[in-house]
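If you read the protein sequences in the order shown, they are chains A and B. Residues in the first sequence are numbered from 1016 upward in steps of one, following this note's numbering. Residues in the second sequence are numbered from 52 upward in steps of one, following this note's numbering.
I should point out that these hints are in silico values taken from the structure, not numbers from a laboratory. Please read these numbers as outputs of a predicted model, since none were measured by experiment. Some clues are possibly wrong.
Across the chosen pairs, the derived CB separations fall in these ranges [said to hold, decoys possible]: (1) ALA1179(A) - GLU187(B): 54 to 62 Å; (2) LYS202(B) - PHE1444(A): 48 to 56 Å; (3) GLU375(B) - TRP1068(A): 49 to 57 Å; (4) ASP1449(A) - ALA198(B): 53 to 61 Å; (5) LYS202(B) - LEU1208(A): 37 to 45 Å; (6) LEU1208(A) - GLU290(B): 21 to 29 Å; (7) TRP1068(A) - GLY112(B): 47 to 55 Å; (8) LYS202(B) - VAL1264(A): 51 to 59 Å; (9) LEU1398(A) - VAL113(B): 34 to 42 Å; (10) THR1489(A) - GLU375(B): 36 to 44 Å; (11) VAL1405(A) - GLY350(B): 58 to 66 Å; (12) VAL1405(A) - ALA330(B): 54 to 62 Å.
Chain B is nowhere near these chain A residues, computed Cβ spacing over 12 Å in every case [as the list claims (entries may be wrong)]: (13) GLY1021; (14) LEU1027; (15) GLN1031; (16) PHE1143; (17) ASP1255; (18) ARG1273; (19) LYS1305; (20) MET1351; (21) ILE1352; (22) PHE1399; (23) VAL1485; (24) LEU1494.
Backbone N, C-alpha and C fix where the C-beta goes; we use that ideal spot for every residue, glycine too.
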Amino acid sequence: MAEIWGYMSQALLNPQLLLFLGGGVFLGIYIGAIPGLSVTMAASLLISFTYSWKVLPAIAMMIGIWIGGVYGGSRSAILLNIPGAPSAVATALEGYPLAKKGLAGQAIGVTVVQSFLGGLIGTVILAFGAPYIARFAITFAPRDYFLLAVMGLLLVGSLGNDSAARGVFAGALGLFIGFVGLDSQTGHQRFVLGPAGSTFRTYMMLGVSYVVVMIGLFGMSEALIQLRDLEIKPVKQKVDKIVPGWANVIRYLPLSIRSSLLGTLIGALPGTGADIAALMAYDQARRTTKNPEVPFGEGAMEGLVACESANNACVGGACIPMLTLGIPGDAVTAIMIGAMYIHGLQPGPLLMTRSADVFWFIIGAMFVGNVFLLIFGFTGIRLFTKIVEVPKHILMPIIIILSVVGAFSINNSIMDVYWMIFFGILGYFMKLYDVPVAPTILGIILADLFELNYRRAAGIVGNTVPGLFVDIVTHPISLVLLIAIVIMVITSTPLFQNRKKA
Amino acid sequence: MKKRWIAGLLAAAMVLSLGTAKVKAADYPERDIQGSIMWSAGGVCDTVSRAIGAIVQEKLGVSIIFTNRAGSGGGVSTAYVNAQAADGYEILFGAENPQIAKIMGTSELDYDDFTPINLYSTTYGAVSVAKDSPYETLEQLVDDILAKPGKVIMATTGAGGLPETVAAMMADINGTEPNMIPFDGENECMTAIMGHNADYTITTLGSAASFYESGDIRILAMIHNDKVPGYEDVPYITETYPDFEKYLPWGPFYGAFVKNGTDEAIVSKLTEVFREANADPAYQELNTAKGCFPMDISGEEAVEYLKKYRAVTSWLLFDSGVTEISPEGFGIARPE
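For reference, chain A alone in the conformation it holds in the complex:
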């Protein structure tokens, strides 16, 4: 036990490690805030640098960037309605309306505290329950991932507006975009256009990156829509009460804990990550919150609380399969596993026994990193909220430039910029005709999870639908998920909703 404390406290007591960790968190916040720059990208750049470093500083920096980056995505989501990362899509839905009311400062304050709480809860679960959760997570079968995706698709109801048809249309569009490109199982080209050998065709073979679609539909289209009304004066931001009080934290605590547990579990599943965790937590908050002060979609704090605590809890969750089984929980953990190999470690079942120091250092670093997040998260808020006060004729062109730069920086590809502009214009018309854009992003995020796992699940039972149904009802995890889906569907029908009102 004393040894474990020793390993864990290195993160706090070794000044060099502390510096790398803190620097990582700070850097991560700003990398996360810029759409197009992602934690995955930063981590894969870093791994090249860190080859010549020692292993602990390298890991400290990566964890710092990861923690900061997952949080950072919420900043631009709140201030500009451009999620810095797909895990902040739900944040934009509630955060941006708050900014429009002059409450951007408070919104950022809440996201900092909730990210910290989520991160902490995720780390505690990682420290105490890792081996058990990992054993549970690997039993998730393709049919379970398929059911999770179905559950995710039901979120269309929560992300859209009152018109169900528009929401379903937007979600279906997202699924369709997700299907474009080479089929990863058979190599068939699907919906790939353009002459053979052209750059355009090659691009389509790779599929359209969902970050490109996200920047276009959220950022670019928002700027275009705002340009219609240049006369409206920007809202003056209130910046006097940024740090949420204890009463506020305690009031939302049950929701934070629920969302964090959900986030940790979804993060621990090797097939799902922070983007899906945040959206599911948001949906869960929307269903369980009886009387929000402000309706959802117009700046409900509950929405921010749920998705921000869930996506940071996901970091701890994703570490579970990485540290106990050597299986990546998402793209960032995959890179960290590679980094550990390069540094002569063997991530996986042997790590806990052979390199206990590294295992516990990572957990210690995550605790300390979250404290850094709490500190750095409150820096620069006053300055940042000023962005919203910038006159529109100056701000909107800057957003367009940022969108272009963001799209280009994903792959250094000009094609990404063209597609981003295309989706920006598409988003403009969607917004003009009241079609919500968030379900489209949801569709793209879920397309692979939904389709590939359906094919796997059906293949396992010999490609028969009745066989798949029997397979689902005879396995406990699948049955629970199926029942949850049925309940979700029934409770959203008009029949049930009317009875509740009466």
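Please arrange chain B on chain A, whose structure you already have, making use of the hints.
Just chain B now, with coordinates in the frame of chain A:
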């Protein structure tokens, strides 16, 4: 008169650009290099490629910025690098898969379209099951697949991946027809067998190595015709089924490539640097940890190796009926 001016300017521009092209080859590399890895992050191809890349970039004095462009048995990466300029600033870090892309119909490109810089690692296939699997030996597994055709589930990585290729060898020799379910990568195949969502898998040794060591899986056989160093306890497949001899030795490899048409000076500079990196003990240590073995071949030798690999594997897949596209159509001659 004006036309002459324009012509003169054009000619001058051409001469100048020729000059700069020469200078560029001599100064190579003067900016960061992009590296496209054919398989997803954290896999064997990814890890060995990043490891050798890390040494290469130090020797070159510029960074190699890696991007994983996984998908379609490597077809996504070959398509990407082929669409970029042949200037030595785009390096393809790939595995054996493109050599069967044409006959599998997954891509129109294979390593004929690229110049090999260095093939740095090789490894073998391994048949794995979960630690509590009812199959104790390869023979039991094969007999059960034969008894229940289409019922025993094998986790694969999709068309053109190593699992499906070895499954084709087994179909040819043992007549086995498993129910093949494609997962995203070899790590996911290991998860599938450990979570009992598949009965067995055949992956590169590297993906199975750490789970084998920890006792979470058992390796029933190596796809090799001799004992594999470090894994002397594990039976090799010709012990049980000597007919495999005709395909062996056979195994995946990992290498670095540039697009055809890249300046020879750049190719030889890269070749030299990769050779030096191969000798680095840190790289070889990682290679062993990842269940791989040293290879280090380049130039004509690498071209010959690639051609032979393509011929053997393509005809194997065609003869066993995995694909209906004949290798002959692409001028791939049947190996003797």
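Okay, the hints, checked on the actual structure:
Under the hint 54 to 62 Å, the C-beta atoms of ALA1179(A) and GLU187(B), about 56 Å apart, fit the expected range. Take LYS202(B) and PHE1444(A): their Cβ atoms lie about 51 Å apart, and the range 48 to 56 Å holds. A hinted range of 49 to 57 Å for the beta carbons of GLU375(B) and TRP1068(A) is consistent with their spacing of about 52 Å. A C-beta distance of roughly 60 Å is found between ASP1449(A) and ALA198(B), which places it inside the suggested range of 53 to 61 Å.
At about 40 Å, the CB distance of LYS202(B) to LEU1208(A) agrees with the hint of 37 to 45 Å. The supplied range of 21 to 29 Å is broken by LEU1208(A) and GLU290(B), whose beta-carbon atoms lie about 52 Å from each other. Range check, TRP1068(A) to GLY112(B): about 18 Å between beta-carbon atoms, so the 47 to 55 Å window is missed. Hint check: LYS202(B) to VAL1264(A), Cβ distance near 55 Å, so the stated range 51 to 59 Å holds.
For LEU1398(A) and VAL113(B), the Cβ-Cβ distance of about 36 Å falls inside the hinted range of 34 to 42 Å, so the restraint holds. Separated by about 37 Å at the C-beta atoms, THR1489(A) and GLU375(B) satisfy the suggested range of 36 to 44 Å. Here the CB-CB span from VAL1405(A) to GLY350(B) is close to 59 Å, well matched to the stated 58 to 66 Å. Look at VAL1405(A) against ALA330(B): about 57 Å separates their beta carbons, and that is inside 54 to 62 Å.
No beta-carbon of chain B is positioned within 12 Å of the beta-carbon of GLY1021(A); the least distance is around 25 Å. For LEU1027(A), the non-interface assignment is confirmed: its Cβ lies about 29 Å from the closest Cβ of chain B, beyond the 12 Å cut-off. The beta carbon of GLN1031(A) is kept farther than 12 Å from every beta carbon of chain B, the shortest such distance being approximately 22 Å. No beta-carbon of chain B comes within 12 Å of the beta-carbon of PHE1143(A); the shortest separation is about 21 Å.
With a minimum CB-CB distance of about 44 Å to chain B, ASP1255(A) clears the 12 Å threshold, and the non-interface call stands. The claim that ARG1273(A) lies off the interface holds: its Cβ sits roughly 26 Å from the closest Cβ of chain B, which is beyond the 12 Å cut-off. With a minimum CB-CB distance of about 38 Å to chain B, LYS1305(A) clears the 12 Å threshold, and the non-interface call stands. Residue placement check: MET1351(A) does not keep its beta carbon more than 12 Å from all beta carbons of chain B (closest about 8 Å).
A Cβ of chain B approaches the Cβ of ILE1352(A) within 12 Å, the least distance being about 4 Å, so the stated non-interface status is violated. The beta carbon of PHE1399(A) sits about 29 Å from the closest Cβ of chain B, which is more than 12 Å, so the claim that it is off the interface holds. Distance to chain B confirms VAL1485(A) as a non-interface residue, since its nearest Cβ pair spans about 15 Å, more than 12 Å. For LEU1494(A), the shortest C-beta to C-beta distance to chain B comes to about 16 Å, beyond the 12 Å cut-off, and the non-interface label holds.
Consistency note: the structure conflicts with the earlier hints numbered 6, 7, 20, 21.
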